[in-house]
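Using the sequences and the hints, build the whole thing.
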Amino acid sequence: MKGTRFWAWLTFGIGAAYFFIPLIATIEFSLRMRRGAYSFDAYRVVFGDERFQATFGYSVLVAAFTIVLGVLIVVPTAYWIRLRLPHIRPVVEFITLLPLIIPAIVIVFGYIRMYGSSSPLPFLATTRGTDLLLAIGYATLALPYMYRAVDTGLRTIDVRTLTEAAQILGAGWATIITRVILPNVLIAVLSGAFLTFAIVIGEFTMASLLNRPAFGPYLQNIGANRAYEPAALAIIAFFITWGCMAVIQILSRYAPKSASRPN
Amino acid sequence: MGETFLTIDNVTKSFGATTVVRNVDIAIDKGEFVSFLGPSGCGKTTTLRMVAGFEGPTTGRILIDGKDVTNLKPNQRSIGMVFQSYALFPNMTVAQNIAFGLKVAGASTDAITARVEEMLGIIKLPEHGGRYPFQLSGGQQQRVALARALAVKPSVLLLDEPLSALDAKIRISLRAEIRAIQRELGITTIYVTHDQEEALSMSDRIVVMNEGRVEQIGTPLDIYNKPSSRFVASFVGTLTVLPAKIVNASKGTLSLDGQSIHAGKKFTGAPGKTVSVALRPEAIAIGKGGANANRLDAKVASVNFLGSIVRVKVRTGAQDISLDMFNQSTTAPPKVGEKVTVNFNPDDLVVLDGPAEG
Amino acid sequence: MTDAAISDPAAGRSAPPAGARSLNLPTQWLGVAPFFLFALMFLILPTAYLVLGAFQNDQGEFTLANIYALSQPSILAAYWISIRISLASALLGAFTGLAIAVAIVRGGLPNWVRSATMTFSGVASNFAGVPLAFAFLATLGRLGLVTVLMNTLFGVNIYAYGFNILSFWGLTLTYLYFQIPLMVVIITPAIDGLKKEWGEAAATLGATTWQYWRMVVIPVLWPSFLGTVILLFANAFGAIATAYALTGSSLNIVPILLYAQIRGDVLHNPHLGYALAFGMIFITGLANIFYIWFRTRSERWLK
Numbered sequence: 448m449k450g451t452r453f454w455a456w457l458t459f460g461i462g463a464a465y466f467f468i469p470l471i472a473t474i475e476f477s478l479r480m481r482r483g484a485y486s487f488d489a490y491r492v493v494f495g496d497e498r499f500q501a502t503f504g505y506s507v508l509v510a511a512f513t514i515v516l517g518v519l520i521v522v523p524t525a526y527w528i529r530l531r532l533p534h535i536r537p538v539v540e541f542i543t544l545l546p547l548i549i550p551a552i553v554i555v556f557g558y559i560r561m562y563g564s565s566s567p568l569p570f571l572a573t574t575r576g577t578d579l580l581l582a583i584g585y586a587t588l589a590l591p592y593m594y595r596a597v598d599t600g601l602r603t604i605d606v607r608t609l610t611e612a613a614q615i616l617g618a619g620w621a622t623i624i625t626r627v628i629l630p631n632v633l634i635a636v637l638s639g640a641f642l643t644f645a646i647v648i649g650e651f652t653m654a655s656l657l658n659r660p661a662f663g664p665y666l667q668n669i670g671a672n673r674a675y676e677p678a679a680l681a682i683i684a685f686f687i688t689w690g691c692m693a694v695i696q697i698l699s700r701y702a703p704k705s706a707s708r709p710n
Numbered sequence: 203m204g205e206t207f208l209t210i211d212n213v214t215k216s217f218g219a220t221t222v223v224r225n226v227d228i229a230i231d232k233g234e235f236v237s238f239l240g241p242s243g244c245g246k247t248t249t250l251r252m253v254a255g256f257e258g259p260t261t262g263r264i265l266i267d268g269k270d271v272t273n274l275k276p277n278q279r280s281i282g283m284v285f286q287s288y289a290l291f292p293n294m295t296v297a298q299n300i301a302f303g304l305k306v307a308g309a310s311t312d313a314i315t316a317r318v319e320e321m322l323g324i325i326k327l328p329e330h331g332g333r334y335p336f337q338l339s340g341g342q343q344q345r346v347a348l349a350r351a352l353a354v355k356p357s358v359l360l361l362d363e364p365l366s367a368l369d370a371k372i373r374i375s376l377r378a379e380i381r382a383i384q385r386e387l388g389i390t391t392i393y394v395t396h397d398q399e400e401a402l403s404m405s406d407r408i409v410v411m412n413e414g415r416v417e418q419i420g421t422p423l424d425i426y427n428k429p430s431s432r433f434v435a436s437f438v439g440t441l442t443v444l445p446a447k448i449v450n451a452s453k454g455t456l457s458l459d460g461q462s463i464h465a466g467k468k469f470t471g472a473p474g475k476t477v478s479v480a481l482r483p484e485a486i487a488i489g490k491g492g493a494n495a496n497r498l499d500a501k502v503a504s505v506n507f508l509g510s511i512v513r514v515k516v517r518t519g520a521q522d523i524s525l526d527m528f529n530q531s532t533t534a535p536p537k538v539g540e541k542v543t544v545n546f547n548p549d550d551l552v553v554l555d556g557p558a559e560g
Numbered sequence: 008m009t010d011a012a013i014s015d016p017a018a019g020r021s022a023p024p025a026g027a028r029s030l031n032l033p034t035q036w037l038g039v040a041p042f043f044l045f046a047l048m049f050l051i052l053p054t055a056y057l058v059l060g061a062f063q064n065d066q067g068e069f070t071l072a073n074i075y076a077l078s079q080p081s082i083l084a085a086y087w088i089s090i091r092i093s094l095a096s097a098l099l100g101a102f103t104g105l106a107i108a109v110a111i112v113r114g115g116l117p118n119w120v121r122s123a124t125m126t127f128s129g130v131a132s133n134f135a136g137v138p139l140a141f142a143f144l145a146t147l148g149r150l151g152l153v154t155v156l157m158n159t160l161f162g163v164n165i166y167a168y169g170f171n172i173l174s175f176w177g178l179t180l181t182y183l184y185f186q187i188p189l190m191v192v193i194i195t196p197a198i199d200g201l202k203k204e205w206g207e208a209a210a211t212l213g214a215t216t217w218q219y220w221r222m223v224v225i226p227v228l229w230p231s232f233l234g235t236v237i238l239l240f241a242n243a244f245g246a247i248a249t250a251y252a253l254t255g256s257s258l259n260i261v262p263i264l265l266y267a268q269i270r271g272d273v274l275h276n277p278h279l280g281y282a283l284a285f286g287m288i289f290i291t292g293l294a295n296i297f298y299i300w301f302r303t304r305s306e307r308w309l310k
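Chains as they are written, first to last, in the working numbering: chain P, 448 to 710; chain X, 203 to 560; chain B, 8 to 310.
For the record, the hints were derived by calculation from the structure and aren't laboratory data.
Hints may contain errors.
[Unchecked claim] Residues from chain P shown here face chain B by an in silico Cβ test under 7 Å; the list is partial:
1. Ile520
2. Leu545
3. Gly557
4. Gly563
5. Thr587
6. Pro591
7. Ile624
8. Arg626
9. Leu629
10. Ala684
Keep in mind the model is a prediction, meaning the values are calculated, not measured.
A virtual CB, placed ideally from N, CA and C, is assigned to each residue, including glycine.
So, in structure tokens, the structure goes:
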């Protein structure tokens, strides 16, 4: 027993060192901008940079669109499959897993070739169209996470009984989804939303290949041209991710617990 | 009774500051079926786990067949154990599960095959050797778990609430099956349960435990009819406990809500002192009874039809008394509000110390 | 198709005429139509477009020439180093992640260790892309803290020993930063699923700890473990942002080559670009098919 605990501590210690040393190193590096003294200069420069504000704002906006799009596609589908079409669940699950197999760069490559300005659906002909295509691309990237979050949320409530109860009380489909189902899976949807945000906010490949002024390409550009700002940006990005995960964890405390798992 | 085979010698177990088993002393004979009965948290499972070797006693010893096993690891003790959750290995077929203990002991393939075949026969699942646990019902899984535990011919069989996860009907049929297999193999067995019916119907002897202590050890009949403590009396079987005032201890007379009764057994106490008296529902009948019977005038408070028996609650003054009568199509049960006389034999009245609570 | 109509409670209610029955069918599917339309337009068709393009020449005729052209040394080398980095980071990440998961679940460590590890793993598994490259440059780059400290404290110049953050091992070490936590996040529930009673049952049956691990734990964990390894492999294989930010285009891995091809047709053949993309899907797809085949073949006990 004592031996087990020793090895467990050792494993944990090595893991913790591997994960904390880069963070400490990055923080240290980000404070070295002023010669001879630690300072927050790098952060000041970053936050004062107009392009930081513009690209970050743009990415937040695209992330918001992505989340709305993801919710509109995933929630009705996951609900309908639980309610009426359980036998096609494997097909839908397989499709939602595809983005984990097909690399993002391949998906966006396909977009560029299929939705060019001379194609029947010329998304790429206009700036707005390209923005929309970027949000769509992000929605596919987030699909595995969003679907699983919502489906898990639906599993904990008895969809069929809730729906039938609402129908008996005379509710229509719109009312059922917005007033009965959505509030009950709201926590799950929000978890999916924050995860989507964390994935999308610094995404590089799609934004870069679609030539949009997003946060990811900005980061890459700074990395290629500056010394200390990238470290500051890495710390900022880490805390954004950390914030998203913290929100998800806090949300999960308010999630309805499944009847079959009383803990 | 035969010679002692398994001894739990003055065992105490503490986790930090809390003591969960206190000075437990039990001697179990070879081939005996002993149940540990008690509410959850009474220490029965911890005691069993100390016999298995999953927990070490803080003080005291455990001996199997004269050998001190207190410091042996579970895999050196030659015990078979059956868990409430079946604990079958999900990646193995029924046959592989049963063969597990023989395989790790290095038995030959032929010997394993023969033994597995035999065990499948004993648990009456001869056709199920190739199935996986998830393809079996709960009752079948538990039978396989029993076969797995017995395949290695352990010297002691430990069962930890093996039927608690099963449906009522399967529970009753498996009870008989486990007991029959145990008798046939003559294996010394400890059976942990919180279900008094299980303990009463299966055991040679019952150990009633409460708050880490042994309250009483005895045959099912003793435990039920001669409970040695108030806890045993109230935990085993249904019991009505009533406050009564001593009128004359040497004559055995008491006063219950102003009505005079007498007890068949001796008790002590000053006149006027309030004590508890206990009665089992089946000891009370409606009617005047024999010449020596105690009689109480009462009013029927409720009638519950339970199938073969009808449980009637009657009220005498402030007290409710439960009584059971057989359901007979010729005699209708009494009506609520009806005035009746109930009677019981003085020998069935158990006088307990202290005033009645709750 | 008919299943849908039959399972609909409305269909059986009052034996509707044939017309009503056939009308019923599409309404069943209307609820999932947006999803399938979306998946078709933005996931399946774009991929299929590239796959078809990989087997066509400029005139639109079928050809295997593009696939054959993948065998030129520079492209083969790119695939080879991509596969090696993905496999190394997947396997190292999987075993390290498993060790950490076992330590926090079964190691008898205090509860806060587990919850802190799980929270941190959730963050780190999503901390990838460009910022991760920055972090590792600040750590193990030529001026990184660890590099400098190793030099000043121990007199060890790791770069003189052949280490380079812009190399196979440098990139693998960086990828581990999201691979290990991803393994921890996925495999911890699987380890939780190992019942304590299995170990106790095995012990009473005379098994040693090692026999219990060999005969029960490893076979039970194996499918989830292998599945996660495949996921980690695909995760690393498609990753580009970290590598690009770390190495620019000095490390010739497939996604970076494809990125350059999309930007500027560096291969001077659009259809070879399609073939390159097809090759990537083919490899991740193959890994998944192997996993599915393995699972159905050897895991009959899985429900």
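Going down the list of hints, with the structure as the test:
The interface hint given for P:Ile520 holds, since its Cβ lies 5 Å from the closest Cβ of chain B, which is under the 7 Å cut-off. The beta carbon of P:Leu545 comes within 6 Å of a beta carbon in chain B, closer than 7 Å, and the hint placing it at the interface holds. Because the beta carbon of P:Gly557 sits about 2 Å from the nearest beta carbon in chain B, less than 7 Å, this interface hint is met. For P:Gly563, the interface hint is violated, the least distance from its beta-carbon to any beta-carbon of chain B being 11 Å, above 7 Å.
A distance limit of 7 Å between C-beta atoms decides the matter here; for P:Thr587 the minimum to chain B is near 5 Å, and the interface restraint holds. Proximity of P:Pro591 to chain B is violated relative to the hint, the smallest CB-CB distance being about 10 Å (cut-off 7 Å). A hinted interface residue such as P:Ile624 counts as satisfied when its beta carbon comes closer than 7 Å to some beta carbon of chain B; here the least separation is about 10 Å, so the hint is violated. The beta carbon of P:Arg626 comes no nearer than 18 Å to any beta carbon in chain B, farther than 7 Å, and the hint placing it at the interface is violated.
Checking P:Leu629 against chain B by beta carbon gives a least distance of about 15 Å; that is not within 7 Å, so the hint is violated. Annotation: interface hint on P:Ala684 holds; nearest CB of chain B at approximately 4 Å, less than 7 Å.
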